[in-house]
Structures are given as C-alpha cells and as structure tokens.
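Participant: Position in the sequence shown (from 1) plus 172 gives the number in our numbering.
These aren't lab readings, by the way, just hints derived from the structure by calculation. Even for Gly, the Cβ is constructed at its ideal location relative to N, Cα and C. Accuracy of the hints is not assured; some may be wrong.
For lysine to any residue, the following SDA-like pairs were computed, each having C-alpha atoms within a straight-line distance of at most 25 Å [unchecked claim]:
1. K214 - Q282
2. K364 - L268
3. K192 - D211
4. K247 - V174
5. K314 - R188
6. K314 - Y215
7. K411 - E262
8. K381 - F413
9. K193 - K247
10. K214 - K243
11. K243 - A181
12. K192 - R272
13. K218 - S331
14. K314 - G373
15. K364 - D352
Ranges between beta-carbon positions, derived for each pair [as the list claims (entries may be wrong)]:
16. N233 - P391: 52 to 58 Å
17. R342 - E378: 42 to 48 Å
18. E397 - I206: 40 to 46 Å
19. E345 - D235: 38 to 44 Å
20. Y194 - E378: 41 to 47 Å
21. R416 - S227: 43 to 49 Å
22. A184 - R272: 34 to 40 Å
23. S362 - A184: 34 to 40 Å
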Amino acid sequence: MVITSLDNAKIAEVKRLYDKKYRRMCGRYIIEGIRLVNDAVKYGAKITSVFVKESIASNYNFDNQVIVSDKIFSKISDTVNGQGVLAVAEKFVSELKPPRSNALVLDCVQDPGNAGTLIRTAVACGFTDIYAVNSVDLYSPKVLRSAMSAHFCLNLYESGSLEETFEALRNSEIIACDLDGENVFKSSTSGKVALVLGNEGNGLSEYSKMNCHRAVTLPMAGEFESLNVAVAGSVIMYKIFSERF
Numbered sequence: 173m174v175i176t177s178l179d180n181a182k183i184a185e186v187k188r189l190y191d192k193k194y195r196r197m198c199g200r201y202i203i204e205g206i207r208l209v210n211d212a213v214k215y216g217a218k219i220t221s222v223f224v225k226e227s228i229a230s231n232y233n234f235d236n237q238v239i240v241s242d243k244i245f246s247k248i249s250d251t252v253n254g255q256g257v258l259a260v261a262e263k264f265v266s267e268l269k270p271p272r273s274n275a276l277v278l279d280c281v282q283d284p285g286n287a288g289t290l291i292r293t294a295v296a297c298g299f300t301d302i303y304a305v306n307s308v309d310l311y312s313p314k315v316l317r318s319a320m321s322a323h324f325c326l327n328l329y330e331s332g333s334l335e336e337t338f339e340a341l342r343n344s345e346i347i348a349c350d351l352d353g354e355n356v357f358k359s360s361t362s363g364k365v366a367l368v369l370g371n372e373g374n375g376l377s378e379y380s381k382m383n384c385h386r387a388v389t390l391p392m393a394g395e396f397e398s399l400n401v402a403v404a405g406s407v408i409m410y411k412i413f414s415e416r417f
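Turn these sequences into a full structure, and let the hints guide you.
Facilitator: Okay, structure coming up:
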C-alpha cells in the first residue's frame with residue numbers, strides 16, 4: 173500500500189513532529205537521510221517507522237517500512253533535495269543520572285549548528301553523556317544533521333534545572349569554559365570531568381559561574397576576544413581527551 177494523502181494519520185504525525193513542543197510532549201523525533209537512518213538502526217535507536225518514497229522503495233526493506241508517494245514525501249521532508257528516507261524514533265528519556273565518564277553540559281546553548289557540532293566532537297573525544305540545560309532542542313532536525321549520527325552513541329539529557337544537573341555531576345570535576353579562567357593548556361584534569369559551556373551571546377549563567385569547581389580558557393593572540401562556543405568547546409574537549417593518552 174502506498175500512502176498518497178496528506179490526511180493520512182501517519183503523515184499527519186510526521187508533520188507534527190517538526191514542532192518542538194510536540195516532540196517533547198510525545199517523546200519522538202524525526203531522522204532523515206539514509207546514512208542517519210542506517211546509523212540509528214546500527215546503534216539501536218528505537219525506531220517506530222521508516223518512510224520511504226515510492227520511486228526508491230524497492231531498494232530498501234526496513235522494519236516498519238511505510239511507502240509514500242514521491243509528492244507526499246516532499247511534503248514531509250525537511251530538506252530541499254531529500255534522499256527519500258525518513259524515520260520516526262523514540263527519544264532517549266531518563267531521569268538525570270551521573271555520567272559514565274566525561275560529560276558535557278550545555279548551559280543555554282541555542283544554536284542548532286553549535287549543539288550538533290559539540291555532540292559530534294564529544295563522541296570523538298570519548299565523552300559519554302551530554303546534559304542540555306535550557307538549551308536548543310537536541311532532537312531538532314538541524315541538530316541531528318549537524319551531529320551526523322553522534323546522537324546514537326551517547327546519553328543525552330535535556331533539563332530545565334542547572335541545580336538538578338549539577339547534583340547528578342557531584343562526583344565529577346565541573347570545569348567551566350570562561351574568559352576569566354586559567355589557560356587550559358597549562359592545566360590538567362584527573363578523574364571524571366564535566367565541561368560546562370555557556371550561551372553564545374551571554375556566556376555562562378551565574379549559577380554555573382558560582383558552582384563550577386574552576387574555569388579554563390583558550391589563550392588567543394592579539395586583541396581577539398572570544399571564539400565560537402562550538403570551536404572553543406571542541407578544542408577543550410580534545411585537550412581533556414589528550415590527557416588520557
């Protein structure tokens with residue numbers, strides 16, 4: 173059976189999942205693109221359905237595969253030149269737990285590209301948990317595309333409370349990235365580390381400044397003031413990662 177109507181209940185559900193509030197309410201999100209969908213399957217994401225456009229449907233045989241007309245697929249795709257494969261998956265939802273190893277805390281980070289880059293780098297640097305507090309929706313299509321499958325390789329927690337997040341990190345050394353911190357290349361870490369990164373425009377919240385154990389910064393030549401949060405966070409994560417060799 174090929175779905176050819178926008179009024180179909182499954183199609184209507186997909187369209188609603190582009191709304192952040194609905195994603196958070198129902199605990200599901202959209203994965204688009206053959207690589208992301210294949211990686212989601214590979215890493216054990218809880219996929220409830222996979223939508224494939226009719227013209228390429230014979231190339232795939234996913235569990236819970238749903239075939240839709242090319243015209244209808246174009247209406248539910250979030251990309252201009254989509255690959256014709258889109259999945260709906262359940263979010264990783266859990267009460268805040270202590271990290272397994274090093275962790276990243278996003279304190280009001282709002283840009284999807286920054287968040288996705290940081291998730292991707294965190295996986296590359298062996299970080300196991302990310303806590304997004306009052307930040308961009310980690311399951312938005314733009315964050316997912318930017319992270320390039322990294323979502324499926326670590327634990328993601330979304331929270332509105334820094335207090336509860338810091339309580340979960342009580343057995344980690346909590347280090348903030350801040351302009352007033354010590355030179356990260358002249359410092360070292362031991363044990364589990366939780367790196368806190370602040371908002372793109374306003375930096376760290378007052379709570380983070382007051383409750384982190386210490387702060388580090390990246391030295392810069394000349395009078396340049398700061399780096400993009402994704403760049404700064406990535407460099408610091410690699411510095412922490414390098415100390416484990």
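Participant: Now look at each hint and say whether the structure bears it out.
Facilitator: To see whether the hints hold, each was checked on the structure:
no. : hint                    : verdict
1   : K214 - Q282             : violated, 29 Å
2   : K364 - L268             : holds, 17 Å
3   : K192 - D211             : holds, 23 Å
4   : K247 - V174             : holds, 15 Å
5   : K314 - R188             : holds, 16 Å
6   : K314 - Y215             : holds, 20 Å
7   : K411 - E262             : violated, 33 Å
8   : K381 - F413             : holds, 23 Å
9   : K193 - K247             : holds, 20 Å
10  : K214 - K243             : violated, 29 Å
11  : K243 - A181             : holds, 17 Å
12  : K192 - R272             : violated, 28 Å
13  : K218 - S331             : holds, 21 Å
14  : K314 - G373             : holds, 20 Å
15  : K364 - D352             : holds, 23 Å
16  : N233 - P391: 52 to 58 Å : holds, 54 Å
17  : R342 - E378: 42 to 48 Å : violated, 20 Å
18  : E397 - I206: 40 to 46 Å : holds, 42 Å
19  : E345 - D235: 38 to 44 Å : holds, 42 Å
20  : Y194 - E378: 41 to 47 Å : violated, 32 Å
21  : R416 - S227: 43 to 49 Å : holds, 48 Å
22  : A184 - R272: 34 to 40 Å : holds, 38 Å
23  : S362 - A184: 34 to 40 Å : violated, 52 Å
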